[in-house]
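Build the full structure now, drawing on both the sequences and the hints.
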Amino acid sequence: MQGSAIRDVVIVGGGTAGWMTALALSRMPPPNSPRITLIESPDIGTVGVGEATLPTIRHFNQWAGVDEIAFVRETKATFKLGIEFCDWREIGHSFFHAFGDHGPQIAGLPPYHQIIRLGLADQLDSFSLPAQAARKGHFSPPSADDRSLGSSYSYAYHFDASLYAGHLRRLAVGAGVRHVEGRVQHVLLDATKGSIEGLALDDGHRIDGDLFVDCSGFRSLLLGDRLGVAFEDWSHWLPADRAWAVPCAGGETIAPYTRSTAGAAGWRWRIPLQHRVGNGHVYASAFLDDEEALDQLIRNLDGAPLAEPRQLRFRAGHRRQFWVGNCIAIGLSSGFLEPLESTSINLIERGISLLVQLFPTAGINPVLRTEYDRHMTQAFASIRDFVILHYRLGRRAEPFWQVMRDQPIPSSLEEQIELFAQSAEISIRDAGSFAEPSWAAILLGLGLVPRDTHPLAQREPEAAIAAHLARGRHLIAGHVDAMPSHRTFIDRLLACPEPRP
Amino acid sequence: MTMDIVILGNGVEATLFAALFSHLQRGFATLTLVAPASNPTYGQTVALPSDIDRAHRILRIAPPTMAQIGAPRFGLSFTAPTGKPVIIPYGTLGPPDLMGEFADHWIRARVSGESRPVTDYSVNARLMAVVTPTPLHDPDLHKSVAMGWEVNAILYRQLLQQSAAGPHAMPGEPIQRIVRGPEGINEIILADGSILRGDLYIDASEGRIEAGPGSTAGWSGNMLTVGTAAQRLDGPEPFTIAATVSAVARLTNLMPRADALPVLAAEYRRLLAQEQEGMLTAAQMLRRLSGDAVSSDKLDAHEARYRDAGLLPVDPQPWSPDMWLACLDARDIRPRRYDPNVDRHDAAAFSRHAERWRARIDAIQAPVRMT
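Those protein sequences? They're chains R and Y, same order as listed.
Each residue of the first sequence is one higher than the one before, starting from 626 at the first, in our numbering.
Each residue of the second sequence is one higher than the one before, starting from 220 at the first, in our numbering.
Source of the hints: derived by calculation from the structure; they are not laboratory data.
Some clues are possibly wrong.
Computed far set for chain R versus chain Y, every beta-carbon distance over 12 Å [what the hints assert, rightly or not]:
(1) 630
(2) 633
(3) 660
(4) 694
(5) 697
(6) 701
(7) 712
(8) 831
(9) 874
(10) 900
(11) 1054
(12) 1090
(13) 1092
(14) 1104
(15) 1105
Here are the simulated SDA-like pairs of lysine to any residue, each with C-alpha atoms no more than 20 Å apart in a straight line [as the list claims (entries may be wrong)]:
(16) Y:517 with R:995
(17) Y:517 with R:873
(18) Y:517 with R:990
(19) R:701 with R:886
Chain Y stretches covered by chain R per the calculated footprint, using a threshold of three residues with CB under 8 Å from any CB of chain R [stated by the list, open to error]:
(20) 480-491
(21) 560-571
Heads up, the beta-carbon is just placed ideally off N, CA and C, and yes, glycines get one too.
Written as structure tokens, this is what we have:
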């Protein structure tokens, strides 16, 4: 295999990960564009929890040639300005982690130093344009003018994952991807090379390939099951191991944000779409039984359930290697982190982007595999730390939360928390993951007010800074008031003609 | 709260640190420079890195002023053991208005058999061959240029002293003895018996002050070591000057406050360790180019990444990706693959664009002065 060009790529799994991978690879320009086959079992449904996203999804869609209007129409998508966290600090309290900053630097320092210094840490949301727009239920895309306040934020989407997979399937098949419906019965190995030769389907067909992408979900049919790659288990840090998911009827108003509400042993999500609301309850089974968890979810729905609740079981962590021989795992087959910050599809995007960049055009070699593994390992670790941060600083009193506050955490995260607590400095360990405004939103939102701020911040006249911040809030409010409601924006967008192919 | 900061040293590094920090700290600290006991042994000239202009903008030192005390430096040049001249230019490679990154296009071209050295597309490389005083009028060519300097060390120190934001205290007497304690330095006894105390001590002595027992590179207790004192790197590239400038920026960001010294110091050391690793690897690359048999896992990994994957270092600091490309190309390493994303751009169009750029560079005949 090493030294041979990759001509045939076989993707196992037809959910979001599989079709995103297929479409992306089909967009690879010649001369290195491979032939692509995707094998999809007729039995296995899409998991469907990955319905909220990060702004990076827009780059993926654009790069993969997915038109936004068509996408919004086909997937019943809505727009997402961030996540509202309810009851994490205490019952009745909420704050936003929105997609944008909290204002420009002030006297050469991040604005948080002044916001904290003036005792406004609890009002951080008021300095965030997307947070204020989200609270009011308004939405419009950011301005292209860098000088405008309206350019200081971004947005993502909520969408029906199975409809997204379907939309991508149509585009991918239209771009030449071969779609095979079948069940993989045997994974055929070349024992001497340690690589996969082909897949035997239950209908007798055999599909050979040069490179195999495992998008088979939690089963990890190729990488985990057949190649035996071990799992790096993080359940000691993130003990939530189950989720219930159920859609319910929505209302006329559509919120432009995801809501995460803390509960006794986990948290519930609320993801508004055009046609329904997606709901779920992530919990640790060691602290809450399944029936009670389901009951808590159903009791808190906005409307009538539209389907039977589904239960998912999972472990936080990832495969110790993501790329072995000629097999790469993308999506749930590679690992899982609870979707507290909507990172599931983001991890798929990153895997795909890396696969294209590192595509073995001159044959597979260890350097490519090492590079891929290094990036994805770091990506998982960064997100893991950011998720643990939420639990670490949560203030609820139930036994689950006390355990989460008291248990050891990764030393890197401990150092970051301590640095902020003492000095208001935010240390970003991974430039490719969550940036300073995101860390500030969670740290301050959960009530960690630093003991001190930057000494140079203290030298600015307080009255002038207070006036400056007040002007900022006023400008934000004016900008938000001028935005249409989220529902109105969607209706107007869907009334636009789609661009010609 | 005003801090008393004592800077140990009176060479270029100490003076540069003091001048730059005096601007950035905006009255937070009083600065005192104190000379080491031993007599200075300054070289006649000092080399400054290509990104020194960022510091000079803060210090309001303009290029014409620098031109009066030295000459611009457009890159590094030396001879390999084979006799082949090695040129590693500063500045960017390739034309500025390209779709996509020049490095990605170049690597594709190399995989496809391009044989020209990548420095053929560097304005700096051309200037290294022909520099003398005549204006460079073409704005695109001008934009691609980055300059370091080779300047008279004494005159540069004087310039730095003049550009500081306000005077620093400079006791006439040198250090006689340093009294150390568990937190670092307790006090400094000067040659006339007077005692100097500070809240924070910066060892910018370029290695002329002996490190105390248990001292740690970076920041430990009340003592920071910067520049050569933190990491000695000999060679043609002035890494220690670059390290001194970044130490100022780092200290400004992590300025001491109340009881937070230990966590700030830990963060400082973490960032410094990353920088030092990068500088060491870059210095090792230059030594390899000079023919030294250097053992370096990190450098081997960089070369393997380029050869087997067509990738440049993930974290190229202290250099730019283009400078790494020039080094790897000078090592005659041919990549076996390239990032397929570049295939979204037409290879023939790139080739034509690159050749037009090369022709513009070749047209830089003899005497050129950077205005």
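* List in ascending order the numbers of the hints, as given earlier, that are violated by the structure. => 1, 11, 17 and 19
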